[in-house]
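Student: Sequence:
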Amino acid sequence: MKTISTALGASYSVESLLGKGGQGTVVRLKSQQGLAAKILHLGSEREREALKNRIAFVRSLPLDDLPVAMPVDSLASPLVGYTMQLLRDMEPATALLRPTKDSGMRLPEWYASRGGLMRRLRLMAKSCDILSEIHARGLCYGDVSPRNMFVNAAGAEAQVWFIDADNLKFDNRLDGLKIYTPGYGAPEVISGRSGATTLSDAHSMAVIAFQCLTMLHPLMGDMVADGEPELEEQALMGKLPWIEDETDRSNACSHGVPRPWVLSPRLKSIFGKYFREGLNAPLSRPGVAALAQALHSAADFLLPCGRCHQYFYPTSSTCSWCDAPRDGFLIMRSSRWEPSKMAEVMLGASQDSESPSTALPTLAIPLKRDLTVTARALLGTSGIAGNAPKLRLSSQDGAKISVEILDGTQMHVGVAKSAKLRAVQAKIEIPSGAWLHTGPADVPHRVLKFVKA
383 MKTISTALGA
393 SYSVESLLGK
403 GGQGTVVRLK
413 SQQGLAAKIL
423 HLGSEREREA
433 LKNRIAFVRS
443 LPLDDLPVAM
453 PVDSLASPLV
463 GYTMQLLRDM
473 EPATALLRPT
483 KDSGMRLPEW
493 YASRGGLMRR
503 LRLMAKSCDI
513 LSEIHARGLC
523 YGDVSPRNMF
533 VNAAGAEAQV
543 WFIDADNLKF
553 DNRLDGLKIY
563 TPGYGAPEVI
573 SGRSGATTLS
583 DAHSMAVIAF
593 QCLTMLHPLM
603 GDMVADGEPE
613 LEEQALMGKL
623 PWIEDETDRS
633 NACSHGVPRP
643 WVLSPRLKSI
653 FGKYFREGLN
663 APLSRPGVAA
673 LAQALHSAAD
683 FLLPCGRCHQ
693 YFYPTSSTCS
703 WCDAPRDGFL
713 IMRSSRWEPS
723 KMAEVMLGAS
733 QDSESPSTAL
743 PTLAIPLKRD
753 LTVTARALLG
763 TSGIAGNAPK
773 LRLSSQDGAK
783 ISVEILDGTQ
793 MHVGVAKSAK
803 LRAVQAKIEI
813 PSGAWLHTGP
823 ADVPHRVLKF
833 VKA
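Heads up, the sequence shown is in the numbering used here, so the first residue is 383 and it goes up one at a time.
Fair warning: there could be bad hints in the mix.
Straight line, CA to CA, 30 angstroms or less: simulated DSS-like cross-link-like pairs of lysine-lysine [stated by the list, open to error]:
#1 K802 to K834
#2 K834 to K750
#3 K655 to K621
#4 K621 to K650
#5 K799 to K772
#6 K799 to K809
#7 K750 to K831
#8 K650 to K834
No lab work stands behind these hints, which were simulated from the structure alone. Fair warning: this is a prediction, and the values are worked out from it, not measured in the lab.
Just need the whole structure built from these sequences, with the hints factored in.
Tutor: Here's what the structure looks like:
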């Protein structure tokens, strides 16, 4: 197929194949608008009419502000499908899940070449942010899979775009819509006990995130890999323990990236809630917003290695990937300022702990490198809006911190436990013992404190 025509009479040349699955094929079109086309494998007139109705429904949804590839125009007969907008230089998230046979790289080298730990955490967290926004509007995505998530192929900033919007529907636990990609469907959808819901979306997203970080499917341990084909079906139906189950190691996995290298304690805990408590009990599953927070928090507490340039958790004194000694860094801790007491209120981890607090963000700031602080870490903003950059921090030696305000956010600086604050202008250098306040003393706000590790 070299050209594709639409119902409105436009004609486009096919540029490249982007993906192919059970439902259809996605191709890139040569166009100035950045278009792609999804060609569905449908045959009957009834199926065509149903698709037309689904496309009309999806185009009526208030999703124009989200990075979701919405249908633009139906394809002309005999093809069944639609065109959609998709940013250039993007690839399916499947590119992050396993090395190609001809890569010629060892796993750590390939892992770094496809984004490394920091980029993977941010991509998965931003995917959860988008899904969370969809869910907040009373919708579920229906078929969350790495083939339907596109990520930018190059560049430092992690970008995600969802395609296959024709599967979007209102979250209705009573309907029987049974659409999923093999390997990513929730057990209740595979068995037919439930149609697609926001909680089945959450299961699928958790599978993809775990796989992206560890190079392993969370339900496919050595028992499944070495056993009969029926064991794979049992695993996906939730009848076997997940690979990190600490009470039942029968399906443990000896392959993949060592879990402590890529999973923070908080991440391992929340994955357990998806694949242990919530595997067969959807109401026990966290929503995708909780997974987004855990992924972002893990990314916040990473350091770059000066030797191999991989990222690792600084709870280790050496780089997980190459054993190089850990460089010096600052820890930025958050607490709450309570105006009625004119004092801070402590939440989460103790002050002498190097582990991130589970209540408020804890950031690792490498020396001699800039670190951007987002609205999520600074103000607690959730969802896509939480990724807006607010501050740029840097320190040469840990004794002084340079603070640059990126968007006009009002900040104040003071000393420990003092209500005497002064406003910060666009840029300031403060001693490491100073407190950075996100509001004036007479209103509740977050307080940032810096500790040299």
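Student: A separate judgement is required for each hint: does it hold in the structure or not?
Tutor: Taking the hints in turn, this is what the structure says about them:
no., hint, verdict
1, K802 to K834, "holds (24 angstroms)"
2, K834 to K750, "holds (13 angstroms)"
3, K655 to K621, "holds (16 angstroms)"
4, K621 to K650, "holds (20 angstroms)"
5, K799 to K772, "holds (24 angstroms)"
6, K799 to K809, "holds (23 angstroms)"
7, K750 to K831, "holds (18 angstroms)"
8, K650 to K834, "holds (27 angstroms)"
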